[in-house]
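Chemist: Following the hints, put chain B in place on chain A, whose structure we already have.
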Amino acid sequence: MTTSLSAEAPPPGHLQEHFDATISRDQRIEPRDWMPDGYRKTLVRQIAQHAHSEIIGMQPEGEWITKAPSLRRKAILFAKVQDEAGHGLYLYSAAETLGADRADLTDRLIEGRQKYSSIFNYPTMSFADVGVIGWFVDGAAICNQVPLCRSSYGPYARAMVRICKEESFHQRQGYELLMTMMRGTEAQREMVQDAVNRWWWPSLMMFGPPDDSSPNSAQSMAWKIKRHSNDELRQRFVDMTVPQADKLGVTLPDPDLRWNAERGHHDFGTPDWDELMRVIKGGGPCNDQRMQRRRSAHEEGAWVREAATAHAAKQAARAEKGAVA
Amino acid sequence: MSADKQDWPLYEVFVRGKRGLNHVHVGSLHAADDRMALTHARDLYTRRNEGVSIWVVRSEHIAASTRDEKDPFFAPSADKVYRHPTFYDIPDDVPHI
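Line by line, the protein sequences give chains A and B.
Everything in the first sequence is counted per UniProt numbering, starting at 1 for the first residue and increasing by one.
Everything in the second sequence is counted per UniProt numbering, starting at 1 for the first residue and increasing by one.
The shape of chain A in the complex, shown without the other chains (with noise of 0.2 Å):
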C-alpha cells in the first residue's frame, strides 16, 4: 500500500510507549503500526512456522484421499485437507501485513531454513490415522488455536477465527470416524487402537517444550502473541481428550495417566522431549518425504505459475492495444 499523507514521525520513545498502552489496554496492533523489531520478528517466525504446519500437514491425510473407503469419506477428506491449504493462505496472508514476501517464506520452507509443526513427520499408517490426526492433532490445534484468536496482532488474531471455525469440522469428522470403526470388526477396533498408541505422545509435543525449557515464552506472553504456557495448553488438551477416549472406548498409552481431584486436572507422563528435539532437527520418520514432496510441487508448479503469468501479460497488452486503436 502506498501512503498518501504522512504526518511527522513522533520520537522513537513516545512510538514505545504508544504501543506498550496499546498492548496493556488489549487493544490490537495493526499492520501500519509502529511496532518494536523484536515484535515484527517474533511474529513473522511464529505466522510462517504456523502456515508451513498447515502447507505440509495436507500431505499425511492427503496420502489416504484416493484410499478412502467410500464416496463419503473421500469427500470429507477433500473438503478437509483444501481446508487446510486454506488455513496457510490465511497465515500467508498475514505474515505479508509485517513486510514478510510470500515468495521468500516459500523458499525458507523448501530449503529448510523455517521450521513446521513435529507432528507431520510421522507417518500415516492406516485410515484409522486419518481419524486419530482429526481426534488428536486437530484437537491439539483448537486448544493452540483458540487462545490466538485474543492475540495482540490483529491480522494473526482475525486469520485465527477463521481458522477456528473451520477446525471444529477437521476435529468432528475424525472422532465420527473413530466412532464408525470402533462399531465396525475387531480388527478396526484394533486399527483405531493402535493409531491411538502411535499419535498420543507426538500430539503431546505439539504444544512444545515444558515451560522451564521454552525460553521464548515469556517475551511472547508480555507481547500478548500467546495467551498461555505450553505446560496449559498442554494440560487443557490432556482433560479434554480423556472423557472423549472413555466413551470411544479406547486407552490411552499413559500408565501414569490418573484423575487428580486435589488439583482438578488429570496427571499424566512426561513426553520424550529427545525425541521432540531429534524430530525437530530433521531426524523424524517424514521429515525427508515431507519436505522432498514440497520441493517437487513447488518445482513441477512452476510451468504454471510462468504460464498464468505470461497470459496475464498478453491480455494486458491486448487491452492496451484496444484502447489505443
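Just so you know, these hints were derived from the structure itself, not from any lab.
All figures in this text were calculated on a predicted structure; none of them were measured in a lab.
Errors might be hidden in some of the hints.
What the hints assert, rightly or not - Cβ-Cβ distance ranges computed for the label pairs, FRET-style:
#	chain 1	residue 1	chain 2	residue 2	range
1	B	Val81	A	Asp101	40 to 48 Å
2	B	Lys18	A	Val161	14 to 22 Å
3	B	Ile62	A	Glu306	26 to 34 Å
Unchecked claim - Calculated cross-link-like contacts (lysine to aspartate or glutamate; reagent style EDC-like; alpha-carbon spacing at most 16 Å):
#	chain 1	residue 1	chain 2	residue 2
4	A	Lys314	B	Asp33
5	A	Lys41	A	Glu30
6	A	Lys314	B	Asp34
Note that CB positions come from ideal geometry on N, CA and C, so glycine has one too.
Modeler: Showing chain B alone in chain A's frame:
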C-alpha cells in the same frame, strides 16, 4: 529461487457477506490477473457461503491514511462535538426527538 512467483501481484479481497451489508476486507492473495484473483478469492475466502459478492483490488492501488490511529489527520472530527445529537439539550417532555 522463485522469481516467477514474485511476478504475481498481491490483491486485497473484500467480501459482501449477504445482501444489505457492505463489502468487508477479509485478507489478501496473489494472482496473475484480476480474473484469477476473483476465482482464487472465491476458493479461499468463501468455501462455506461466506459471501454473495467479491471485490479484489491490487494492494498497490490502495491509498491509505497515516499509520497511527491517533493521527492528527483525524483530529478535525474529534473537536466538533456539535456534530453529535447528544450535544443538544432538549427537555425530557418533548416527544420523539
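Chemist: None of the hints should be skipped; say for each whether it holds.
Modeler: Here's how the hints hold up against the structure:
1. Val81/B with Asp101/A: 40 to 48 Å: The hint (40 to 48 Å, Cβ to Cβ) holds, given that Val81/B and Asp101/A are roughly 45 Å apart.
2. Lys18/B with Val161/A: 14 to 22 Å: Holds, at about 18 Å.
3. Ile62/B with Glu306/A: 26 to 34 Å: holds, 27 Å
4. Lys314/A with Asp33/B: The hint holds at about 11 Å.
5. Lys41/A with Glu30/A: holds, 15 Å
6. Lys314/A with Asp34/B: Given that 16 Å is the threshold and the Cα spacing comes to 13 Å, the pair holds.
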